[in-house]
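Start from the sequences, fold in the hints, and give me the full structure.
There are 2 protein chains.
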Amino acid sequence: MTNDSINRQWVVARRPVGAVKPENFALVQGPVPSLQKGKVLLRALYFGYDAAQRFWLTEQGAGYLPPINLGEPMLTGGIGQVIASDNPSYKAGDIVEGLMSWQDYPLVDPEGPIPLRVLPQADYPLTWNMSVFGVNGLTAYFGVTDGLKVKAGDTVVISSAGGATGLLAGGIARILGAAKLVGIAGGRDKCQWLVRNAGYDAAIDYKGEDLDKRLAELCPQGISCYFDNVGGAILDTVFMHMANLGRILICGAISSGYNDTKMQGPGNYMQICARQLTVQGILLPFYKDRIGEAIAALAKWVKEGRLRVHEEIVEGFERAPELLPTMYAVKNPGKLLLHVADPV
Amino acid sequence: MTNDSINRQWVVARRPVGAVKPENFALVQGPVPSLQKGKVLLRALYFGYDAAQRFWLTEQGAGYLPPINLGEPMLTGGIGQVIASDNPSYKAGDIVEGLMSWQDYPLVDPEGPIPLRVLPQADYPLTWNMSVFGVNGLTAYFGVTDGLKVKAGDTVVISSAGGATGLLAGGIARILGAAKLVGIAGGRDKCQWLVRNAGYDAAIDYKGEDLDKRLAELCPQGISCYFDNVGGAILDTVFMHMANLGRILICGAISSGYNDTKMQGPGNYMQICARQLTVQGILLPFYKDRIGEAIAALAKWVKEGRLRVHEEIVEGFERAPELLPTMYAVKNPGKLLLHVADPV
Numbered sequence: 040m041t042n043d044s045i046n047r048q049w050v051v052a053r054r055p056v057g058a059v060k061p062e063n064f065a066l067v068q069g070p071v072p073s074l075q076k077g078k079v080l081l082r083a084l085y086f087g088y089d090a091a092q093r094f095w096l097t098e099q100g101a102g103y104l105p106p107i108n109l110g111e112p113m114l115t116g117g118i119g120q121v122i123a124s125d126n127p128s129y130k131a132g133d134i135v136e137g138l139m140s141w142q143d144y145p146l147v148d149p150e151g152p153i154p155l156r157v158l159p160q161a162d163y164p165l166t167w168n169m170s171v172f173g174v175n176g177l178t179a180y181f182g183v184t185d186g187l188k189v190k191a192g193d194t195v196v197i198s199s200a201g202g203a204t205g206l207l208a209g210g211i212a213r214i215l216g217a218a219k220l221v222g223i224a225g226g227r228d229k230c231q232w233l234v235r236n237a238g239y240d241a242a243i244d245y246k247g248e249d250l251d252k253r254l255a256e257l258c259p260q261g262i263s264c265y266f267d268n269v270g271g272a273i274l275d276t277v278f279m280h281m282a283n284l285g286r287i288l289i290c291g292a293i294s295s296g297y298n299d300t301k302m303q304g305p306g307n308y309m310q311i312c313a314r315q316l317t318v319q320g321i322l323l324p325f326y327k328d329r330i331g332e333a334i335a336a337l338a339k340w341v342k343e344g345r346l347r348v349h350e351e352i353v354e355g356f357e358r359a360p361e362l363l364p365t366m367y368a369v370k371n372p373g374k375l376l377l378h379v380a381d382p383v
Numbered sequence: 040m041t042n043d044s045i046n047r048q049w050v051v052a053r054r055p056v057g058a059v060k061p062e063n064f065a066l067v068q069g070p071v072p073s074l075q076k077g078k079v080l081l082r083a084l085y086f087g088y089d090a091a092q093r094f095w096l097t098e099q100g101a102g103y104l105p106p107i108n109l110g111e112p113m114l115t116g117g118i119g120q121v122i123a124s125d126n127p128s129y130k131a132g133d134i135v136e137g138l139m140s141w142q143d144y145p146l147v148d149p150e151g152p153i154p155l156r157v158l159p160q161a162d163y164p165l166t167w168n169m170s171v172f173g174v175n176g177l178t179a180y181f182g183v184t185d186g187l188k189v190k191a192g193d194t195v196v197i198s199s200a201g202g203a204t205g206l207l208a209g210g211i212a213r214i215l216g217a218a219k220l221v222g223i224a225g226g227r228d229k230c231q232w233l234v235r236n237a238g239y240d241a242a243i244d245y246k247g248e249d250l251d252k253r254l255a256e257l258c259p260q261g262i263s264c265y266f267d268n269v270g271g272a273i274l275d276t277v278f279m280h281m282a283n284l285g286r287i288l289i290c291g292a293i294s295s296g297y298n299d300t301k302m303q304g305p306g307n308y309m310q311i312c313a314r315q316l317t318v319q320g321i322l323l324p325f326y327k328d329r330i331g332e333a334i335a336a337l338a339k340w341v342k343e344g345r346l347r348v349h350e351e352i353v354e355g356f357e358r359a360p361e362l363l364p365t366m367y368a369v370k371n372p373g374k375l376l377l378h379v380a381d382p383v
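Quick note, the sequences are listed as chains R and P, same order.
First residue of the first sequence: 40, per our numbering; consecutive thereafter.
First residue of the second sequence: 40, per our numbering; consecutive thereafter.
Note that these hints are calculated values from the structure, not bench results.
Fair warning: there could be bad hints in the mix.
Pairs count within a copy or across copies, as identical chains cannot be separated in the list.
Stated by the list, open to error - Derived pair list, reagent style DMTMM-like, types lysine to aspartate or glutamate, alpha-carbon separation capped at 25 Å: (1) K342 with D328; (2) K190 with E357; (3) K246 with E343; (4) K60 with D251; (5) K219 with D240; (6) K252 with E98; (7) K339 with E150; (8) K229 with D244; (9) K188 with E98; (10) K76 with E248; (11) K219 with D185; (12) K76 with D133; (13) K190 with D328; (14) K130 with E343; (15) K130 with D43; (16) K342 with D125; (17) K188 with D328; (18) K219 with D381; (19) K342 with D148; (20) K246 with E98; (21) K190 with E354.
Structure, rendered in structure tokens:
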């Protein structure tokens with residue numbers, strides 16, 4: 040529970056080597072920060088989890104965000120309520136979404152690389168602003184529409200299909216007319232869940248099944264669109280099953296654990312040449328002028344019941360570090376969120 | 040010199056392990072082949088060299104061509120004269136260009152993966168049909184226009200810049216308005232030649248200079264378009280200097296020597312995501328309906344003196360194998376061709 044005078048922080052104590060662990064963070068307490076020029080002081084309400092957070096923890100950082108120094112609180116996407124503001128676009132009481140950090144009272148530059156967005160009054164759960172109307176929904180929307188250009192008849196494969204972004208990407212691909220939708224995920228239960236609850240035609244358990252063989256069976260005409268959240272060996276295998284002129288969206292590389300900026304590259308990348316593939320990246324800031332369009336489309340699909348929202352909400356600020364490793368061995372599908380406090 | 044009754048062949052005797060060597064081929068002699076149903080019998084006039092030939096020699100082959108079995112003559116692009124034809128589109132005396140093999144009298148399926156093309160009577164050298172109006176010119180044209188979409192103001196970097204395709208790609212990029220044109224090539228002499236004779240603003244000798252440092256100096260605003268003929272470490276380094284929303288064309292991977300289908304992938308490929316790059320492949324058969332458009336544009340530029348043709352022509356069928364390794368340590372810029380015989 041948030042205390043009015045104490046600010047708890049989960050700071051980066053040691054950079055992870057390999058997989059991130061709760062021991063990489065330390066709990067420190069201090070006074071609530073004072074407002075600074077141009078900034079906004081928030082009370083944290085929810086933190087969202089994102090596989091890229093492991094990448095943010097590297098010494099170099101991700102590039103699109105500043106590196107996190109040791110002793111500083113861990114960066115996170117989140118929802119907060121404005122307590123005090125020195126920026127005319129934000130006023131006390133506003134509920135906002137954007138980049139903050141693991142502390143009860145984040146002091147935020149609202150015009151940073153991921154600007155704070157004031158959330159509208161709405162008749163849907165506040166957390167949806169971090170899932171379907173947040174980074175995951177927007178990434179899925181622009182990735183499937185603008186990146187992959189999914190159209191009627193396409194054979195679409197999505198890795199990390201049970202993840203927050205993958206689930207929404209699958210839903211959107213179906214809405215755009217994908218004829219076949221195949222998920223790649225870890226574990227038989229999750230694969231069954233994807234087929235039963237998330238509209239997938241089939242799901243491949245890359246841990247228990249032969250991905251190469253299953254893709255050959257399920258996509259005999261080749262894959263027209265691949266939404267890649269994992270990189271590594273899975274990307275390499277999918278390369279060999281792409282259709283001529285196929286499209287690949289590079290959205291993430293969770294399989295690497297984002298351990299290093301220097302990763303294993305896809306050895307089969309010359310398929311880009313042999314089949315004249317188009318491989319495109321996605322980074323949300325490049326779409327900042329089109330956010331309204333995306334949210335309108337997503338909201339319409341959700342309202343019509345064509346796009347479903349899957350969230351898993353865990354309670355308590357003290358659990359922030361222990362949830363992060365579960366992103367890389369996630370058991371439950373959908374967006375993972377930590378509930379920190381309620382708005383006042 | 041071609042003999043009227045003996046057909047010399049350079050057959051694949053041993054598959055190369057690592058770099059290709061003349062010893063991978065053996066000279067055999069036999070009778071001139073008889074015409075077969077649907078086929079065309081040629082007298083070979085010129086063979087062209089292409090870095091991808093090393094890839095064709097692997098057991099699996101390149102994918103877009105059938106694998107070459109041991110004991111069969113080496114495949115090559117070439118120019119020949121029709122001696123006899125069982126296909127109504129080709130008649131004796133026609134000069135044709137397309138896929139053939141290292142023998143005096145290739146017997147060719149004219150409608151194979153790289154169809155035979157009857158060459159028009161023209162006022163330019165026959166060999167230009169294999170360079171500026173052949174695979175290299177067409178690859179450069181579609182790669183720069185359709186793949187990279189080079190436009191006025193772009194910073195364009197080309198690897199293997201002194202190669203047959205790279206040289207033409209550089210010329211075309213300049214015609215389309217590239218503001219800065221930087222070549223990557225091996226050796227100081229070749230780099231000087233590129234700046235003096237081929238219109239490059241600068242050329243980086245990747246063997247003698249620090250590519251990373253030089254790219255930072257030469258392209259401080261980032262690279263908007265990269266035409267990649269080499270793959271490997273050079274591609275990886277270029278990835279780190281791409282501008283936001285930059286485009287990369289994957290045209291080849293000569294640095295790998297095309298030794299294996301499983302190559303070292305680019306470890307920095309996550310820049311595709313971090314800078315939202317578009318990486319596209321090129322394989323000429325996908326452009327087969329647009330060849331006329333390309334040749335018309337190329338011919339116009341050549342006629343206007345805006346695009347220059349660079350060729351190196353070597354004499355004698357017996358030298359076919361010894362020239363192939365020089366593709367991977369090429370000293371002279373431009374298209375490498377072997378002159379076998381003259382038309383009658």
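These are the hints, each one checked on the structure:
1. K342 with D328: within (23 Å within a copy, 45 Å between copies)
2. K190 with E357: neither (45 Å within a copy, 53 Å between copies)
3. K246 with E343: neither (35 Å within a copy, 60 Å between copies)
4. K60 with D251: neither (32 Å within a copy, 34 Å between copies)
5. K219 with D240: Close inside one copy (6 Å), not across copies (49 Å); limit 25 Å.
6. K252 with E98: The answer is between: 21 Å across copies meets 25 Å, while 39 Å in one copy does not.
7. K339 with E150: neither (28 Å within a copy, 51 Å between copies)
8. K229 with D244: Within one copy only: 8 Å inside, 52 Å across.
9. K188 with E98: For K188 and E98, neither the intra-copy (35 Å) nor the inter-copy (36 Å) Cα distance is at most 25 Å.
10. K76 with E248: Neither: 56 Å inside a chain and 47 Å across chains, both beyond 25 Å.
11. K219 with D185: within (19 Å within a copy, 29 Å between copies)
12. K76 with D133: This pair counts as within: shortest intra-copy Cα distance 18 Å, inter-copy 80 Å.
13. K190 with D328: both (23 Å within a copy, 23 Å between copies)
14. K130 with E343: neither (33 Å within a copy, 65 Å between copies)
15. K130 with D43: Classified as within; 19 Å inside a copy, 92 Å across copies.
16. K342 with D125: neither (36 Å within a copy, 65 Å between copies)
17. K188 with D328: both (19 Å within a copy, 23 Å between copies)
18. K219 with D381: Answer is neither; intra-copy 41 Å and inter-copy 55 Å both fail.
19. K342 with D148: neither (33 Å within a copy, 59 Å between copies)
20. K246 with E98: neither (31 Å within a copy, 30 Å between copies)
21. K190 with E354: This pair counts as neither: shortest intra-copy Cα distance 40 Å, inter-copy 53 Å.
The structure fails hints 2, 3, 4, 7, 9, 10, 14, 16, 18, 19, 20, 21 (numbered hints given earlier, in ascending order).
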